[in-house]
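2 protein chains.
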Amino acid sequence: MAQEVYHHTFPNGLTVLAERMTHVRSAALNFLIPAGCANDPPDQLGLASVLSDLITRGAGSRDSRELTLALDNLGLDRDESAGVVHLRFWAATVARNLPAALEIYADILRRPHLPPGELAPVQALALQDLQSLDDEPRQRVLVELRKQYFPDPLGRDRRGTEAGIEAITPESVRRHYERHFQPRGAILSVAGNIEWQPLLDHVAKLFGDWQGQPPAAPALGARGARRLHLKKDTHQTQIALAYPSVPIGHPHYYQALGAVNVLSGGMSARLFTEVREKHGLCYAIWATYQTFKDRAAVIAYAGTTNERAQKTLDLTLAEFERLAKGIEADEVLRLKAGLKSSLIMQEESTSARAGSLASDWYYLGRIRSLDEIQKAIDELSPASILEHVRAYPPGDYTIVTLGPEPLQTPRDS
Amino acid sequence: MAQEVYHHTFPNGLTVLAERMTHVRSAALNFLIPAGCANDPPDQLGLASVLSDLITRGAGSRDSRELTLALDNLGLDRDESAGVVHLRFWAATVARNLPAALEIYADILRRPHLPPGELAPVQALALQDLQSLDDEPRQRVLVELRKQYFPDPLGRDRRGTEAGIEAITPESVRRHYERHFQPRGAILSVAGNIEWQPLLDHVAKLFGDWQGQPPAAPALGARGARRLHLKKDTHQTQIALAYPSVPIGHPHYYQALGAVNVLSGGMSARLFTEVREKHGLCYAIWATYQTFKDRAAVIAYAGTTNERAQKTLDLTLAEFERLAKGIEADEVLRLKAGLKSSLIMQEESTSARAGSLASDWYYLGRIRSLDEIQKAIDELSPASILEHVRAYPPGDYTIVTLGPEPLQTPRDS
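Same order as they appear, the protein sequences are chains A and B.
If you read the first sequence in the numbering used here, its first letter stands for residue 23, the second for the next number, and so on.
If you read the second sequence in the numbering used here, its first letter stands for residue 23, the second for the next number, and so on.
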């Protein structure tokens with residue numbers, strides 16, 4: 023299927039990306055604004071998240087209620103969320119409603135009311151979101167792992183801190199919005215049954231006269247501890263691990279992805295087979311790849327009974343170490359089949375395509391065609407993945423556990 | 023977009039359903055076997071779930087490892103799970119791999135090894151799955167709500183009980199499989215880039231000579247308590263509620279769906295607006311509709327701080343009661359926009375379509391066209407939804423809470 027992909031960067035720095043998919047009736051949109059929680063002032067951690075809630079409570083000519091009604095009237099399935107780097111506005115609906123949706127998003131991004139009277143309930147919700155982590159050990163161990171592994175502010179969690187959320191004022195939200203909501207570096211991507219030129223004209227009308235530039239991304243600080251145990255009287259022990267990998271722009275990127283898939287790319291992959299199936303050690307175990315522009319990690323998780331936790335950790339680490347000892351041809355055939363199947367699913371989903379357009383542009387400054395990705399997957403081989411694993415062997419682990427007792431971990435390398 | 027939908031029931035009782043979607047490259051399949059956990063023997067609760075794991079550990083000419091490899095080689099994204107009524111086998115991949123996938127599923131469904139040596143690790147995993155509920159209060163309160171609300175065995179959770187899982191033997195799994203894995207009442211649905219006649223011929227070859235009939239569905243027993251508090255020293259209080267609604271085959275079905283969407287169909291819906299947005303009372307709140315063939319419920323959930331829990335419950339109940347007092351025209355316009363937008367998303371997803379084909383057939387004995395559903399949504403009005411709400415007013419609540427302290431609830435009606 024030939025892709026129809028378009029891009030344009032306005033003089034003000036806003037980039038518009040689109041993929042025309044004529045076989046669907048829906049359209050999805052995705053705004054990335056470089057105002058994620060990495061930009062939160064250190065004494066107001068949680069500010070990006072609070073802003074992502076407050077920003078839809080009235081904008082342009084509509085008050086909070088009218089704005090929500092207008093979005094629901096368009097049948098929008100939508101979400102606003104604070105990531106580390108970006109605030110993300112996602113929505114999907116019938117393609118014919120896209121122009122009207124964009125008009126409302128122009129109000130939200132450019133003319134939000136940020137009503138002082140609604141800050142208190144938004145703060146109350148943010149505090150609850152934060153507190154609920156205490157009752158969700160699976161989430162919490164992964165949040166803590168990222169905090170330890172990545173240098174601040176890249177390891178931050180959107181939920182912030184209690185003190186940070188409580189320190190937020192109507193003025194500080196407004197100031198944060200004005201500093202960070204700027205067209206330069208912002209990305210709008212659209213995928214679905216759209217036509218490019220009318221879309222571009224519409225976006226030009228709504229965003230062409232937007233002006234401004236956000237501050238530079240914050241400097242990186244120190245990373246956290248390589249070992250951390252969170253003592254909690256739970257029935258299960260949660261285990262989270264990370265080790266360094268290469269970022270998405272790196273020449274080894276697909277090989278790194280291949281290596282993670284040898285570990286965790288399907289039900290026959292090594293972690294699932296060796297730790298879960300053969301020994302019944304843990305119900306849930308997986309490894310995944312997470313990237314920023316200049317650094318990346320393989321992140322793994324296992325949740326198991328307290329009694330089985332040590333053996334689960336030991337076997338998981340043994341599987342990491344075994345990667346460099348050899349990779350079978352049939353393992354690579356299988357992971358290629360899985361990756362290609364996922365790619366085909368993605369090409370059929372407007373939301374997935376809109377997300378990929380935006381993330382490609384942010385990370386790579388260009389959009390990878392599905393053919394390019396397919397070719398890179400086709401070229402993976404045991405030798406190419408081994409080459410990567412031997413150049414970047416798993417090691418220097420960060421290990422966070424949560425449960426009644428700490429586990430024995432290998433010494434820091 | 024004209025739909026191409028097909029169905030055929032073989033003399034042995036197996037029904038095959040298909041939707042041809044020529045604009046995609048993928049295909050999804052869905053087997054429903056009436057062997058869900060409602061059929062678990064009372065002293066072996068958890069058996070269906072154990073069977074759904076063990077059944078892929080070797081089948082036909084392949085041992086456990088070979089079977090997993092064969093499925094992964096086809097790039098299958100897949101899942102086997104035990105619901106209340108059905109064991110469900112779901113898979114999606116590139117359409118050209120569908121025939122090979124069906125051959126493997128024929129082995130799994132008809133010629134599983136159910137190896138005695140793998141039962142112990144499968145039981146260990148099932149026990150862990152069960153125990154992890156203790157650390158997941160959100161899941162747990164909803165599991166307990168269903169147990170209390172629906173008459174046994176419809177209220178069962180797949181996870182079973184510790185004693186039940188431990189009582190399972192290789193012989194009991196084999197016996198359970200032989201009783202319940204029968205073609206009569208089984209449904210296979212496929213959606214994607216397929217051709218009907220070759221598909222039907224292939225299925226006939228693989229399943230045409232399958233013979234047998236499962237036992238009748240188990241008789242219904244008593245329901246549980248209308249009020250239950252699970253004492254636990256958590257930071258948040260979890261609230262789950264249910265009240266009766268009409269099942270999917272009922273003439274009021276779409277009106278009932280409309281009523282739930284007035285409560286919880288978008289960000290402007292009543293529960294989100296009144297309980298979350300205006301008062302910041304709880305981070306998560308929603309209501310949904312769950313149906314069996316002959317009965318259904320509206321199920322609602324809220325999670326909040328212990329201090330705000332009572333007010334959250336009171337306001338939620340007040341919103342239920344307010345339904346019968348009136349519904350605005352613009353509320354109905356919005357929920358119709360949302361339902362139609364969801365319908366369009368669904369028509370673009372092979373997995374969603376395969377799932378809908380099978381559930382329509384099971385519940386209704388026929389497949390609703392997207393046009394039929396769209397027409398029913400179009401016909402919703404404030405008057406029609408009110409008519410339903412007044413005929414079936416919310417009441418006779420089942421309320422389960424989890425947290426440090428019980429809440430005050432209205433008296434049983």
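Please note that the accuracy of each hint is not assured.
Claimed, not checked - With a straight-line Cα cutoff of 20 Å, these simulated EDC-like cross-link-like pairs (lysine to aspartate or glutamate) come out: (1) B:253 - A:157; (2) A:253 - B:255; (3) A:254 - B:255; (4) A:362 - B:99; (5) B:169 - B:352; (6) A:169 - A:140; (7) A:362 - B:101; (8) A:169 - A:156; (9) B:254 - B:193; (10) B:169 - B:350; (11) B:254 - A:188; (12) A:254 - A:329; (13) A:254 - B:129; (14) A:169 - A:184; (15) B:300 - A:151; (16) B:300 - A:85; (17) B:397 - B:352; (18) A:169 - A:418; (19) A:300 - B:151; (20) A:253 - B:329; (21) B:254 - B:352; (22) B:300 - A:158; (23) B:227 - B:101; (24) A:300 - A:316; (25) B:254 - A:85; (26) B:362 - B:352; (27) B:362 - B:350; (28) B:362 - A:418.
As the list claims (entries may be wrong) - FRET-style restraints, in silico, Cβ to Cβ: (29) B:30 - A:257: 32 to 42 Å; (30) B:223 - A:390: 52 to 62 Å; (31) B:174 - A:191: 36 to 46 Å; (32) A:316 - B:223: 34 to 44 Å; (33) A:427 - B:139: 52 to 62 Å; (34) A:88 - B:249: 49 to 59 Å.
Simulated from the structure, these hints should not be mistaken for laboratory data.
We treat Cβ as the ideally placed atom computed from N, Cα and C, and that holds for glycine.
Each hint tested on the structure:
1. Distance restraint check for residue 253 of chain B and residue 157 of chain A: the Cα-Cα separation of roughly 14 Å lies within the 20 Å cut-off, and the hinted pair is therefore satisfied.
2. Taking the CA atoms of residue 253 of chain A and residue 255 of chain B, the gap is about 16 Å. The hint holds against a cut of 20 Å.
3. For the hint linking residue 254 of chain A to residue 255 of chain B, the alpha-carbon distance of about 12 Å falls within 20 Å, and the restraint holds.
4. Proposed proximity of residue 362 of chain A and residue 99 of chain B is supported: the alpha carbons are some 11 Å apart, at most 20 Å.
5. The suggested pairing of residue 169 of chain B with residue 352 of chain B is violated, with an alpha-carbon distance near 37 Å, which exceeds 20 Å.
6. For the hint linking residue 169 of chain A to residue 140 of chain A, the alpha-carbon distance of about 30 Å lies beyond 20 Å, and the restraint is violated.
7. Of the pairs offered as hints, the one joining residue 362 of chain A and residue 101 of chain B holds, with about 18 Å between alpha carbons and a cut-off of 20 Å not exceeded.
8. Restraint check for residue 169 of chain A and residue 156 of chain A: the C-alpha separation of about 16 Å stays at or below 20 Å, so the hint holds.
9. Using a Cα cut-off of 20 Å, the hinted pair residue 254 of chain B and residue 193 of chain B is violated, with the two alpha carbons roughly 38 Å apart.
10. Our distance criterion of 20 Å between C-alpha atoms is broken by residue 169 of chain B and residue 350 of chain B, whose separation comes to about 35 Å.
11. Restraint check: the Cα-Cα separation between residue 254 of chain B and residue 188 of chain A comes to about 27 Å, which exceeds 20 Å; the hinted pair is violated.
12. Proximity of residue 254 of chain A to residue 329 of chain A is assessed by CA-CA distance (about 15 Å); at most 20 Å being required, the pair is judged to hold.
13. The straight-line distance between the Cα atoms of residue 254 of chain A and residue 129 of chain B is roughly 45 Å, outside the 20 Å bound, and the hint therefore fails.
14. About 16 Å separates the Cα atoms of residue 169 of chain A and residue 184 of chain A, which keeps this hinted pair within 20 Å; it holds.
15. The hinted pair formed by residue 300 of chain B and residue 151 of chain A meets the criterion: a straight-line CA distance of about 17 Å does not exceed 20 Å.
16. For the hint pairing residue 300 of chain B with residue 85 of chain A, the CA-to-CA distance comes to about 13 Å; that is within 20 Å, so the pair holds.
17. Distance hint between residue 397 of chain B and residue 352 of chain B is fulfilled; the C-alpha atoms sit about 18 Å from each other, no more than 20 Å.
18. For the proposed pair residue 169 of chain A and residue 418 of chain A, the alpha carbon gap of about 16 Å is at most 20 Å, so the pair holds.
19. A threshold of 20 Å between alpha carbons decides the hint, and for residue 300 of chain A with residue 151 of chain B the separation of about 17 Å falls inside it, so the pair holds.
20. The hinted pair formed by residue 253 of chain A and residue 329 of chain B fails the criterion: a straight-line CA distance of about 25 Å is larger than 20 Å.
21. The suggested pairing of residue 254 of chain B with residue 352 of chain B is violated, with an alpha-carbon distance near 42 Å, which exceeds 20 Å.
22. This hinted pair does not check out: residue 300 of chain B and residue 158 of chain A have alpha carbons roughly 26 Å apart, beyond 20 Å.
23. Proposed proximity of residue 227 of chain B and residue 101 of chain B is contradicted: the alpha carbons are some 24 Å apart, above 20 Å.
24. This hinted pair does not check out: residue 300 of chain A and residue 316 of chain A have alpha carbons roughly 37 Å apart, beyond 20 Å.
25. Taking the CA atoms of residue 254 of chain B and residue 85 of chain A, the gap is near 41 Å; set against the 20 Å cutoff, the hint is violated.
26. Of the pairs offered as hints, the one joining residue 362 of chain B and residue 352 of chain B holds, with about 15 Å between alpha carbons and a cut-off of 20 Å not exceeded.
27. Annotation: proposed proximity of residue 362 of chain B to residue 350 of chain B holds, straight-line Cα distance about 19 Å (limit 20 Å).
28. Proximity of residue 362 of chain B to residue 418 of chain A is assessed by CA-CA distance (about 51 Å); at most 20 Å being required, the pair is judged violated.
29. Taking the beta carbon of each, residue 30 of chain B and residue 257 of chain A are about 48 Å apart, not inside 32 to 42 Å as hinted.
30. Under the hint 52 to 62 Å, the C-beta atoms of residue 223 of chain B and residue 390 of chain A, about 40 Å apart, miss the expected range.
31. With their beta carbons about 54 Å apart, residue 174 of chain B and residue 191 of chain A fall outside the hinted range of 36 to 46 Å.
32. Taking 34 to 44 Å as the suggested C-beta distance range, the pair residue 316 of chain A and residue 223 of chain B does not conform, at roughly 55 Å.
33. Separation of residue 427 of chain A from residue 139 of chain B is about 31 Å and departs from the stated range, judged on CB atoms against 52 to 62 Å.
34. A hinted range of 49 to 59 Å is violated for the C-beta pair residue 88 of chain A and residue 249 of chain B, which are about 40 Å apart.
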